[in-house]
Every structure is written in structure tokens, then in C-alpha cells.
Amino acid sequence: MDDPVANALKKGSLDMLVLALLEEGPRHGYEIGKLIEERSGRALRFHVASLYPALYALERKGLVAGSWATASSGRRRRCYRLTRSGRKTLAEQRARWREFSEAIDTIAKVSYA
Amino acid sequence: MRDFTGIVRRNLGRLPLAPEREEEIVTELAQQLEDAYREAMTRGLPEARAEAEAMTQLGDWEKLRRSIVTSEKGSKVLWPHPWAVPRAVSWLALAIVAMLCLVPGFREALRQAPSAWFAERVGVTESTLRELAERGQRQHDARLVAFAALHTEDQAEADRLAEQAAAMDPSYTWVGSRLLWFRAAPDDSVKWAKRLIAWDPDNAVPRIFAAQPLFLTAVAEGSPVPKSMDPQLARLAEKTDWGRQMQAAFDAPRFDTYEAQRFELDRSVLRELEGENSKSLVAYASIFAGYPDLLQALHYGSLVTESLGPEAERAGNNDEAARMYWSVARFGQRLEESSPFVWNHMGARRLEATAYARLAALAERKGNTQEAAAVALLQERVERLNRESDEQRQKARASRWDSNERAAVVACVAAWLVMLSLIGCGFWAGLVAFRRNESALGGWPGALAMASSYAPGLLLGACAVLYSVMEPFLRSPFDFATRATLFEEIVPFWYAYWRGWDTFGFWRMHYIVQHMLWPVAASVIVLIAGMTALRWVGRTRTQKVQVE
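Protein sequences appear in the order of chains U and V. Residue 1 is where the first sequence starts when you use our numbering, and the numbers rise one by one after that. Residue 114 is where the second sequence starts when you use our numbering, and the numbers rise one by one after that.
With the rest of the complex left out, here is chain U (with noise of 0.2 Å):
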């Protein structure tokens, strides 16, 4: 993706993508990233440097929360979950992509074929 509005665009919604997965269950930040990576079709992957950097900021803002949990396989991962403040937010991020999205629809006559 060369394009800067979409990567401008991508970068602007990472937060909310990540909000969104754990809005599931707690997932590691490996686990993350592989699902946005395969739920987008491929379209959408995050670098390291991008998504670990905004999984401790939504961490600090209290969004989510951050947990050291052991595996099946012996192995101690941290976990993400959403806490509630994550859930108000991630439902006003959604509401705001919904009006942002049906604009720019309208105004560029995008048609879901």
C-alpha cells in the first residue's frame, strides 16, 4: 500500500481495529496482529513498531489491559483485554467510522458491488 491517504487512513484506524478484536476475548499481541492481517484479506498489515507501540498506549489511556498469563504450551504470554472505558470508546470510534464512512459514500457515490 504506496498510497499516503490510505496509509494515513490504516494508521488512523488501528486503534480501533485492535479494540475491536478484543472486544472477542484477550488475545497476545502476536494474535493480533495475524488476525487483522488474515480477517483483512491480506490488506491491512501492522509492523511491530506500529502496533506494539499502540497496544501500550491504549494501555496507558485505560482502554485495554495488560496481563501475564501462562499458555497450554508452558509458555507466558501477555495478554490484552478490554476493559470497560475500551468498550465505551471502541463504541464511539465505531459510530464515528459508521458517519465518516456513509459521507464519504455519499460523496464519492461508492457502490458495493
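Derived from the structure by calculation, the hints contain no laboratory data. Small disclaimer: the values here were computed from a predicted structure and weren't measured. Treat each hint with caution, since some may be false.
Label pairs and their computed distance ranges (CB to CB) [to be verified]:
{"hint": "1", "chain 1": "V", "residue 1": "Gly539", "chain 2": "U", "residue 2": "Arg42", "range": "53 to 59 Å"}
{"hint": "2", "chain 1": "V", "residue 1": "Glu137", "chain 2": "U", "residue 2": "Ser72", "range": "19 to 25 Å"}
{"hint": "3", "chain 1": "V", "residue 1": "Ala542", "chain 2": "U", "residue 2": "Ala95", "range": "47 to 53 Å"}
{"hint": "4", "chain 1": "U", "residue 1": "Glu31", "chain 2": "V", "residue 2": "Asp173", "range": "20 to 26 Å"}
{"hint": "5", "chain 1": "V", "residue 1": "Ala646", "chain 2": "U", "residue 2": "Phe100", "range": "31 to 37 Å"}
{"hint": "6", "chain 1": "V", "residue 1": "Leu205", "chain 2": "U", "residue 2": "Glu37", "range": "42 to 48 Å"}
{"hint": "7", "chain 1": "V", "residue 1": "Ala131", "chain 2": "U", "residue 2": "Gly74", "range": "53 to 59 Å"}
{"hint": "8", "chain 1": "V", "residue 1": "Gly539", "chain 2": "U", "residue 2": "Ser72", "range": "55 to 61 Å"}
{"hint": "9", "chain 1": "V", "residue 1": "Glu175", "chain 2": "U", "residue 2": "Pro26", "range": "57 to 63 Å"}
Capping the alpha-carbon separation at 30 Å, the derived lysine-lysine pairs in DSS-like fashion look like this [to be verified]:
{"hint": "10", "chain 1": "U", "residue 1": "Lys61", "chain 2": "V", "residue 2": "Lys186"}
{"hint": "11", "chain 1": "U", "residue 1": "Lys11", "chain 2": "U", "residue 2": "Lys34"}
{"hint": "12", "chain 1": "U", "residue 1": "Lys88", "chain 2": "V", "residue 2": "Lys186"}
{"hint": "13", "chain 1": "V", "residue 1": "Lys186", "chain 2": "U", "residue 2": "Lys34"}
{"hint": "14", "chain 1": "V", "residue 1": "Lys186", "chain 2": "U", "residue 2": "Lys11"}
{"hint": "15", "chain 1": "U", "residue 1": "Lys10", "chain 2": "V", "residue 2": "Lys352"}
{"hint": "16", "chain 1": "U", "residue 1": "Lys61", "chain 2": "U", "residue 2": "Lys109"}
Residues from chain V shown here face chain U by an in silico Cβ test under 10 Å; the list is partial [unchecked claim]:
{"hint": "17", "residue": "Gln144"}
{"hint": "18", "residue": "Gly172"}
{"hint": "19", "residue": "Arg179"}
For each residue, glycine too, the CB sits at the ideal point set by N, CA and C.
With chain U's structure known, arrange chain V on it following the hints.
For chain V alone, coordinates are given in the frame of chain U:
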């Protein structure tokens, strides 16, 4: 499997966070690499390729480090700021400046830098001069006392020391000429002028100084236009001692400002103090002290050739008139021969030319055609010399004075930059020392911290410019045969440099615009091109990172 924790710890460096939090982040990122590695192995990739693929997860470690710290601290103003010069580069710049300090010429250039800041000369200090004077008194060495008298800034002390030197060794009475300063209070000048007239009666210079207060009073009361001053000066010559003193100056066989003595005394003491390699600028000090204001000499010459001489001719005293004209012509010759100043030569030749014209006309009237022709030749010679001299003066000004003054302007700017960058370096070093473990400096401290990181580089650049511009003028008094050549070659630079901030005064703006316009325009173009290129590179880099 590689030690991913070690790799992350090594590449990420110390994070300015709590140790536990730092450990958590390192572990988590190492797990990210390990997960990527395991997945690549599952896909059947050989170990080396799996490791390489895992490592592609992390590209720019510095960017990752900054992003993590920004996210953790919630501040975008990081310390060091992303635009700040790397500390290693700043330390390197300071190390180079320290190494430059080993070069004696560079040390001397730095020693002269404060002259531009405070518009003061830096030479032999007043305390050294006091010590020299005391030593001279103890050892009964009039030479040292005379040197201190020549260079101390304190006029009263100079007067006292000059008296002492003259009392210890009358051959140093000439040192009192340092008090002969055409802008000095009349009493100061007259006292020493009278002493010097008694000590050196054949010299015109003290007589001109003795006449000066009377002339200055007349100038203050009358018009400065020479023609309209003639009647006034005639009255002055008639009613006061001014005319007698000036005529005695015009008749005196020597015009000596004691240049050679001053130069030799300076060199002799500097040799003793600092050796033959002395770069001390004390020898260039008080460059105009001892030089009379020749305006009154020109006025007196004009009075003689325009009024007194013609009056004598009308009264039939042709021999007296001729004697007067010759005294003017010879005074002009002596002045021309002894003064190092081009403008004095011009004035001297003008006096000569007028006197020769009168002498030629007088000889013609007397029927002495041979003498008239010979004097006319002399007149033609000085007029030609003055024409040529005028052209040469223009060229010399362009090639020497202007280039000297231009260099002085650049040196002054560099000296000011040295001072500003030294302050910046102090601020930067303070931040590095006391805020080493800080990750973010918000607001203006952050902006200042970023700006101050450029100070060591600026200091290096300013020092290099200061040294390279000043170096040709940091010459030993022993490099010159006479003070006149020293004056011609380097004094215009120092005279402009010592004016310091005044060098950039509004009255000089036309000069700077005239001579510095194109260098400034070229610098601005280079600056704009550089900033545009940096912006373009920055934008390209940002896009690449986003694609990753």
C-alpha cells in the same frame, strides 16, 4: 533457536522506563519474534531463513524505541528529540574544538573573540602593564615604564608613567607624545606639546599640538569652510600665538610622530615578554595617538598661500613672500615623507602644489624664467602624483581596506556565533549531565534541548571560520620592518574588528549590502535547497515506514 530476548535487549538499548516495565516490553517483543520464527518453521522453512523472516518483523529499532517511549510517556517531545543531533556527533565536534585549542594561532584567535563582543582591544592586560611599570621602577629601567605609559588605558596613569620614564631617562621623553591626541582635552596635549618642543625643538609635530587648542576654539566659533575662515584665521594668527606656533611648525626641519621609536620599544618589550613569536596586538594600539589633526596645518598653509604671502607680495616683500611659500612647500614634502596615511599625503601634496603655483608666478614676475619653469615642474609632479595617488587610493581602499573590513565583519559574526554557541553548549552539556535519564522534555525545554544539540556543531563551524579569517591578521610585530607597513597590512582589519558590534551598525548596512549581498543570497538559496531536499527525504522515508 536464537536468543531473541538478547537480540531485542541489545538493539533496543536502555529504555528510560521503570526496569520492570522495560523487562516486560523486551520479553513481549522477543516473544513476537519467537512466534514469527516458530510459524516460519511450521511452514517448512529452514532454520536460518525462519530466523531471517522473524527478524523482518522489526525493521528500524530506533523508530520502535521512540514509538514505545512516546506511547509509554504520552509525550511527543522526546529527549533526545528526533531532530536533535546525535550526542556522539556533538561530542565529536567538541573534541575537534578541544584539539584545535592545541594550535597556538587558534588560541590567539579565541583570545581575540571577546574584542568583538565588548568592542574592546585585547592586548597586554592592565595588570601586566602595572607589573612592568613597577619592575621598571625597581630596576630603574625606563624602557619598561615607557612601554606601560604607551599602552595603559588610563590617561592619568599614562601621564604619570610618561613623566617617570622621562625623568629616569630623558631619551624617553618622546613617550609623552602618546598624550598628544587630537581629540584629547587641550590641557593634556598642551602640557606634553610644550615639554616636547623644549626637548625636540626641530620637530613640527609638538608645535602643531601646541597650536591646536587655539585653532579648535576658532573652528568652534567660525565656519568650517576654509575660504570663509581665512579672515578669521588671519585675525587668529595676528592676535594669538597660533600663527607663530604654526609658522614654527612649518619651518621645523622634521615632522616626526616618533613612529620608529614606538615601534622599536613595543618590539623590544614584547620580545622580552612573549618572545619573537608574540602575536600580541599591543603594538597596534593607539594607532592615531601622536598624529596631529592636519586640518589646521592645511588651513594655515592656505592662509599663507592665499592671504599672508600675497599681502607680502603686494607690500613689495617678494623675498618674504617666497620664504613663506617655500616653508609651506617644504612642510608638505616633510609631511608626505613621514606620514603613513594616504590622506595625509594627499593634503601634503595639495599644500605643495598651491605653494609651487605661487612660487612659479612670483619667479615669473621677477623675470626668473628658469626658476619659474623648475618650480612649475615640481608643481606638475605633485599634481600628477596626487591624481595617481587618488586612483591608487581608490584601488588600495578596494583591495586592502575593503577586504580587511570585509574579513573583520565575517570575523565579528564568527566571534558572536562562538559566544552564542558556547552558551548553547553549556545548556546542552547541562541537559546531558542532569537530565540523562529523562525520556521527554515537554514544551520549551524540549525545543531548547533540540536546538542546543546543534550548538557544538555550530561552535566548531564558528571557530573554524573565526580562525581561518583571522589567521592572516594574527601576525607578529616582528614580521614587519616598520609600523607603517604593519598599519597598511593588518591594522584596518583590527580597527574594524575592535569596533565590535558597531561594525554592524546601520551606517555600515550599505556596505554589507553592497559587498555581502551575493554571498548571503547564495547561502539562502543553498539553505532553501537543503531544507527542500531534507523535507523530500523525510517524506519518502515516512511513506516507506508506513508501507512496512
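Comparing the hints with the structure gives:
no. : hint                                : verdict
1   : Gly539(V) <-> Arg42(U): 53 to 59 Å  : holds, 54 Å
2   : Glu137(V) <-> Ser72(U): 19 to 25 Å  : holds, 22 Å
3   : Ala542(V) <-> Ala95(U): 47 to 53 Å  : holds, 52 Å
4   : Glu31(U) <-> Asp173(V): 20 to 26 Å  : holds, 24 Å
5   : Ala646(V) <-> Phe100(U): 31 to 37 Å : holds, 36 Å
6   : Leu205(V) <-> Glu37(U): 42 to 48 Å  : holds, 43 Å
7   : Ala131(V) <-> Gly74(U): 53 to 59 Å  : violated, 27 Å
8   : Gly539(V) <-> Ser72(U): 55 to 61 Å  : holds, 59 Å
9   : Glu175(V) <-> Pro26(U): 57 to 63 Å  : violated, 31 Å
10  : Lys61(U) <-> Lys186(V)              : holds, 11 Å
11  : Lys11(U) <-> Lys34(U)               : holds, 16 Å
12  : Lys88(U) <-> Lys186(V)              : holds, 23 Å
13  : Lys186(V) <-> Lys34(U)              : holds, 27 Å
14  : Lys186(V) <-> Lys11(U)              : holds, 20 Å
15  : Lys10(U) <-> Lys352(V)              : violated, 100 Å
16  : Lys61(U) <-> Lys109(U)              : violated, 37 Å
17  : Gln144                              : holds, 7 Å
18  : Gly172                              : holds, 7 Å
19  : Arg179                              : holds, 9 Å
When the structure is compared with the earlier hints, violations turn up for hints 7, 9, 15 and 16 and for no others.
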